[in-house]
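If you read the protein sequences in the order shown, they are chains A, B and C.
Each step along the first sequence adds one to the number in our numbering, with nothing skipped, and position 48 is 48.
Each step along the second sequence adds one to the number in our numbering, with nothing skipped, and position 87 is 167.
Each step along the third sequence adds one to the number in our numbering, with nothing skipped, and position 150 is 478.
Source of the hints: derived by calculation from the structure; they are not laboratory data.
Just to be clear, a hint being listed does not mean it is correct.
Some chain C residues flagged as far from chain B (calculated, every beta-carbon gap over 12 Å) [as the list claims (entries may be wrong)]:
{"id": "1", "residue": "V349"}
{"id": "2", "residue": "Q367"}
{"id": "3", "residue": "L375"}
{"id": "4", "residue": "V433"}
{"id": "5", "residue": "N474"}
{"id": "6", "residue": "G528"}
The list that follows gives simulated cross-link-like pairs (lysine-lysine, DSS-like), each with its CA atoms no further than 30 Å apart [as the list claims (entries may be wrong)]:
{"id": "7", "chain 1": "B", "residue 1": "K196", "chain 2": "B", "residue 2": "K92"}
{"id": "8", "chain 1": "C", "residue 1": "K362", "chain 2": "B", "residue 2": "K254"}
{"id": "9", "chain 1": "B", "residue 1": "K87", "chain 2": "B", "residue 2": "K254"}
{"id": "10", "chain 1": "B", "residue 1": "K92", "chain 2": "B", "residue 2": "K323"}
{"id": "11", "chain 1": "B", "residue 1": "K92", "chain 2": "B", "residue 2": "K254"}
{"id": "12", "chain 1": "C", "residue 1": "K398", "chain 2": "B", "residue 2": "K196"}
Covered stretches of chain A (in silico footprint by chain B; criterion: 3 or more residues with CB under 8 Å from a CB of chain B, positions within the stretch not fixed) [said to hold, decoys possible]:
{"id": "13", "region": "1 to 11"}
{"id": "14", "region": "24 to 37"}
{"id": "15", "region": "44 to 57"}
It should be emphasised that the depicted structure is a prediction, and the values quoted were computed from it without experimental measurement.
All C-beta atoms in this analysis are idealised placements derived from N, C-alpha and C, irrespective of residue type, glycine included.
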Amino acid sequence: MAFDSFDAFLAMGGHGPYVWACYIVFFALSLVLIQWSRMQRRFVLQRLAVRQAGANTAGRNIESNGKASADFARVDSLND
Amino acid sequence: MWQFFHKLGSPKWFYDIASRLMPWLLWSGVALFMAGVIWGLAFAPPDYLQGNSYRIIFIHVPSAFLAQSVYIMMAVAATVTLVWRMKLADVFVKSAAPVGAVLTFLALFTGAVWGKPTWGTWWIWDARLTSMLILLFLYFGAIALGSAISDEKSSARAVAVLVLVGVVNIPIIKYSVEWWNTLHQPATFKLTEKPSMPADMWVPLLLAVLGLYLLFGWLACLRMQTEILVREGRTRWVRELVKPGGNP
Amino acid sequence: MSSDESGVKAILHAPESSAGVLAAMKAVMLRDLKSSFRQPQDLLNPLLFFVLVIMLFPLGVSPEVAFLQKAGGGILWVAALLSVLLSLDHLFRHDFDDGTLEQMVLQPQPLFLLVLAKSMAHWVLTGLPLVLLTPLLAVMVHLEGNSIGVLCLTLLIGTPVLSLIGAIGAALTLGLRSAGVLLSLMIIPLYIPVLIFGTGTVMAAAEGAPVTGQLALMGAFLVLAMTLAPFASAAALRISLSNG
Numbered sequence: 001m002a003f004d005s006f007d008a009f010l011a012m013g014g015h016g017p018y019v020w021a022c023y024i025v026f027f028a029l030s031l032v033l034i035q036w037s038r039m040q041r042r043f044v045l046q047r048l049a050v051r052q053a054g055a056n057t058a059g060r061n062i063e064s065n066g067k068a069s070a071d072f073a074r075v076d077s078l079n080d
Numbered sequence: 081m082w083q084f085f086h087k088l089g090s091p092k093w094f095y096d097i098a099s100r101l102m103p104w105l106l107w108s109g110v111a112l113f114m115a116g117v118i119w120g121l122a123f124a125p126p127d128y129l130q131g132n133s134y135r136i137i138f139i140h141v142p143s144a145f146l147a148q149s150v151y152i153m154m155a156v157a158a159t160v161t162l163v164w165r166m167k168l169a170d171v172f173v174k175s176a177a178p179v180g181a182v183l184t185f186l187a188l189f190t191g192a193v194w195g196k197p198t199w200g201t202w203w204i205w206d207a208r209l210t211s212m213l214i215l216l217f218l219y220f221g222a223i224a225l226g227s228a229i230s231d232e233k234s235s236a237r238a239v240a241v242l243v244l245v246g247v248v249n250i251p252i253i254k255y256s257v258e259w260w261n262t263l264h265q266p267a268t269f270k271l272t273e274k275p276s277m278p279a280d281m282w283v284p285l286l287l288a289v290l291g292l293y294l295l296f297g298w299l300a301c302l303r304m305q306t307e308i309l310v311r312e313g314r315t316r317w318v319r320e321l322v323k324p325g326g327n328p
Numbered sequence: 329m330s331s332d333e334s335g336v337k338a339i340l341h342a343p344e345s346s347a348g349v350l351a352a353m354k355a356v357m358l359r360d361l362k363s364s365f366r367q368p369q370d371l372l373n374p375l376l377f378f379v380l381v382i383m384l385f386p387l388g389v390s391p392e393v394a395f396l397q398k399a400g401g402g403i404l405w406v407a408a409l410l411s412v413l414l415s416l417d418h419l420f421r422h423d424f425d426d427g428t429l430e431q432m433v434l435q436p437q438p439l440f441l442l443v444l445a446k447s448m449a450h451w452v453l454t455g456l457p458l459v460l461l462t463p464l465l466a467v468m469v470h471l472e473g474n475s476i477g478v479l480c481l482t483l484l485i486g487t488p489v490l491s492l493i494g495a496i497g498a499a500l501t502l503g504l505r506s507a508g509v510l511l512s513l514m515i516i517p518l519y520i521p522v523l524i525f526g527t528g529t530v531m532a533a534a535e536g537a538p539v540t541g542q543l544a545l546m547g548a549f550l551v552l553a554m555t556l557a558p559f560a561s562a563a564a565l566r567i568s569l570s571n572g
């Protein structure tokens, strides 16, 4: 250890506020960025699932009615 | 070898590869980065001149390195976008730009706060910080232009042109700012490590830099996956993925 | 036949030999110069802005001779930079609006040369008047004789660079909403090296130091900009036109 005590570690020889401000801001901003990215991904996945479920039920309703209608919700593309 | 490049043209292939890579990138990145940071914060000896404030280096230098590397990666991807019209390259640029901007801001913030105990002032117009500030605006420009153009293909190519123009200017900007700095600063203060850093200091620094690169890799994969899902939402493989029971 | 149509016709009928390239460039330049008379505000606004911005500094900071002498070169340079930035909007917009730009892109002559011609015309209409106005304004900020000459020289070499680099931004933001702010955000970082060397040269001159080195470097910037920027602008124009 480069420090004699935990208090000395926090104080950083008088430079404590600067060092800890940097580390706290770094980790805080990084976590915000990471969380935002994860939430974005989750949101997109949810939205795609909802849209697909909606399209599926729409298809089923039309079949049960026996009426002819155009289905514009799904685009079947085989892009791999 | 060419097969690899062909595969790289497929968003689905990248999505799968990314899913498998991400856990490795995340955990190795966290391990290396935290090892470097903890070693640097608690175990490395204090600096002869600066005392303990130099410990900011363990997050300042990785942020600064990555901020610049990410822009260069974006420039490479921009070239790929313009020459080979590969979609994934633009996906990378769009995903990486905000991360690069945050890293640049962190490099600026930590650099400025480090300046206070070292030079007695919160902000200093030295060559390095000023160049970083300009880099931040290069990032902002790319992000702003990308979101201003609604057509995906045009947006990709316009941002690619801007990023390439920026990367050509970076050495010019650096040189100009260095020259400007020597005009205005009689004493040149060097903010980073002296060439002969003891191993106790440069090893944790290296660990932190490597760890942050790996973490960037993880985050880039994550954000690229999101962008791919948005763009390819109507394809069959994505619809299979989001079905209940699928494994996104 | 209006000068507009004759200019467009000149472009459309220019033969495909290398002499045709120069003829096409000349036609583009002349067209821009002539059509500027139809929009005199495009000519006057940057000049007025230049003067007004310079005026703000003695009013807002300090009218003291010592301050103005020290800061004057920088103030004039910044004002010139902002004026050029303001004038970039109409570099391509008029042609974009009336369809001439699409014609230009379709020409057999290389687009980058036509863009170079437009950038030079833009400089003649914007940068050159600024340079001509500079001695008067330099006297108002109490710059000394030697400095004034060097300042004019740096602006003479530097403002074409500003037009050339600015053309890239104007081409990229063509047709976008809030193009003005976006343009400034994108282009100002690229303007910084020219600004630094322009003002640095003036300051060196004020101290009596030799300036030939810096002026040569600025000349190098100009050559670099003239050879590289038009390619980027041409690529950007194609992208913007394909967009909308």
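Checked hints:
No beta-carbon of chain B comes within 12 Å of the beta-carbon of C:V349; the shortest separation is about 24 Å. Distance check for C:Q367 against chain B: the nearest CB is about 26 Å away, which clears 12 Å, and the non-interface claim stands. For C:L375, the non-interface assignment is confirmed: its Cβ lies about 28 Å from the closest Cβ of chain B, beyond the 12 Å cut-off. The claim that C:V433 is not at the interface with chain B holds, since no C-beta of that chain comes within 12 Å of its own (minimum 14 Å).
The Cβ of C:N474 lies farther than 12 Å from every Cβ of chain B, with a closest approach of about 18 Å, so its non-interface assignment holds. Some Cβ of chain B comes within 12 Å of the Cβ of C:G528; the nearest lies about 6 Å off, and the non-interface call is violated. Pair hint B:K196 plus B:K92 does not hold up; C-alpha atoms about 49 Å apart against a cutoff of 30 Å. Distance hint between C:K362 and B:K254 is unfulfilled; the C-alpha atoms sit about 40 Å from each other, more than 30 Å.
Only pairs whose Cα atoms come within 30 Å are accepted, and B:K87 paired with B:K254 is rejected, the gap being roughly 37 Å. Note on B:K92 and B:K323: the hinted pairing holds, with a Cα-Cα distance of about 16 Å set against a maximum of 30 Å. The straight-line distance between the Cα atoms of B:K92 and B:K254 is roughly 39 Å, outside the 30 Å bound, and the hint therefore fails. Between C:K398 and B:K196 the CA atoms are separated by roughly 28 Å; this keeps the pair inside 30 Å, and the hint holds.
A count of 4 residues in the region 1 to 11 of chain A with a Cβ less than 8 Å from any Cβ of chain B is obtained; the coverage claim is therefore met, three being the minimum. Chain B is given as covering the region 24 to 37 of chain A, and this holds because 7 residues of the stretch bring a CB closer than 8 Å to a CB of that chain, at least three being needed. Here the region 44 to 57 of chain A counts 6 residues with a CB under 8 Å from a CB of chain B, which clears the bar of 3, and the coverage holds.
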